[in-house]
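Take these sequences, add in the hints, and give me the full structure.
Chains W and F, in that order, give the protein sequences. Counting in our numbering, the first sequence runs from 1 upward without gaps. Counting in our numbering, the second sequence runs from 1 upward without gaps.
You can trust all of the hints, since none of them are fake.
Simulated pairs of lysine-lysine, DSSO-like, Cα-Cα distance not exceeding 27 Å: (1) F:106 with W:21; (2) W:21 with F:47; (3) F:106 with F:47.
If you are wondering where the hints come from, they were derived from the structure by calculation, not from laboratory data. These figures come from a predicted structure and were not determined experimentally.
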Amino acid sequence: MALDDLFREALRPMANATPPKASWQRVVHAVARSAGEAGTPARLEKVWAWIRSFQVAARYPSDGLVCLQPYGLAGLSPWAMMLAR
Amino acid sequence: MNLMRPDAVYIDEDRTPTRDEAGECECILRLQGGDLGALGELFETYKALVFRVALAITRDERSAEDVLQECFVRLYTYAASVDPQRPLKPWLYRVTVNLSYDCAAKRPVQPLGDMLEWLTNLAGAFPAPDRKAEENETTRMVREVVAELPPTHRTVVVFYYMEGLAIGEIAQILGVPAGTVKSRLHYARERLREMLTRRQRPVPEMAYEFT
Numbered sequence: 001m002a003l004d005d006l007f008r009e010a011l012r013p014m015a016n017a018t019p020p021k022a023s024w025q026r027v028v029h030a031v032a033r034s035a036g037e038a039g040t041p042a043r044l045e046k047v048w049a050w051i052r053s054f055q056v057a058a059r060y061p062s063d064g065l066v067c068l069q070p071y072g073l074a075g076l077s078p079w080a081m082m083l084a085r
Numbered sequence: 001m002n003l004m005r006p007d008a009v010y011i012d013e014d015r016t017p018t019r020d021e022a023g024e025c026e027c028i029l030r031l032q033g034g035d036l037g038a039l040g041e042l043f044e045t046y047k048a049l050v051f052r053v054a055l056a057i058t059r060d061e062r063s064a065e066d067v068l069q070e071c072f073v074r075l076y077t078y079a080a081s082v083d084p085q086r087p088l089k090p091w092l093y094r095v096t097v098n099l100s101y102d103c104a105a106k107r108p109v110q111p112l113g114d115m116l117e118w119l120t121n122l123a124g125a126f127p128a129p130d131r132k133a134e135e136n137e138t139t140r141m142v143r144e145v146v147a148e149l150p151p152t153h154r155t156v157v158v159f160y161y162m163e164g165l166a167i168g169e170i171a172q173i174l175g176v177p178a179g180t181v182k183s184r185l186h187y188a189r190e191r192l193r194e195m196l197t198r199r200q201r202p203v204p205e206m207a208y209e210f211t
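Here's what the structure looks like:
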């Protein structure tokens, strides 16, 4: 086998590596955090609406609930959420 | 860190965009317009690519997860600077590489033995049709060579052999001359050849694909 083929063969399993399921939740949290730190109310409202949309979105239903847990599920405003952190 | 899109990577201005590219363009435009759901769609499309490249460079699953997260936070943060007319992949590759270098520099490297064991398990989980059931010793040796390369060299090997990118594409993504990419590949092959010779195995053919 040629050296090139040896490299390809050795790296093949790595090409199939997939991230853990919770990785999307981490991105959602990080975006929410970064928006909170960046701080314009309009931007934060957008992020908050986005997070809330996960509750009804079929695509990421469990992610939405998990994301909302740290901030409370009682319909707090984004600014209240950030102040409560 | 240069977050701008590398110039002229994969770009042919005259050709008609494919359906996927048109969809991606529309997705980026939506993200730029504040539609954060578009970020989720791009994440679904590219999460595996970012993760596997980060994993191959950092050799550490946790670091790869950090890189994946930070890469998409940056896409969200810098969406306005992304040109929707160009493919997103080179931008993601570049940001992933830079973040992976940062991560690799900060974190203690995962012991080589652990990484090789993890790779072996992964290989068992995704067997290729023609793959032998048992881990081949030569394959293990190649992984050892790749794992011991400096990150800049390992990146080139990963892009060339795992991602299947051309020398010119790798050079543009990394912002280095094509000659540098070739010499890093040459170095990796020589390392492997030395190791094979040391263990008195037959040395594979001398010809390289791009020479």
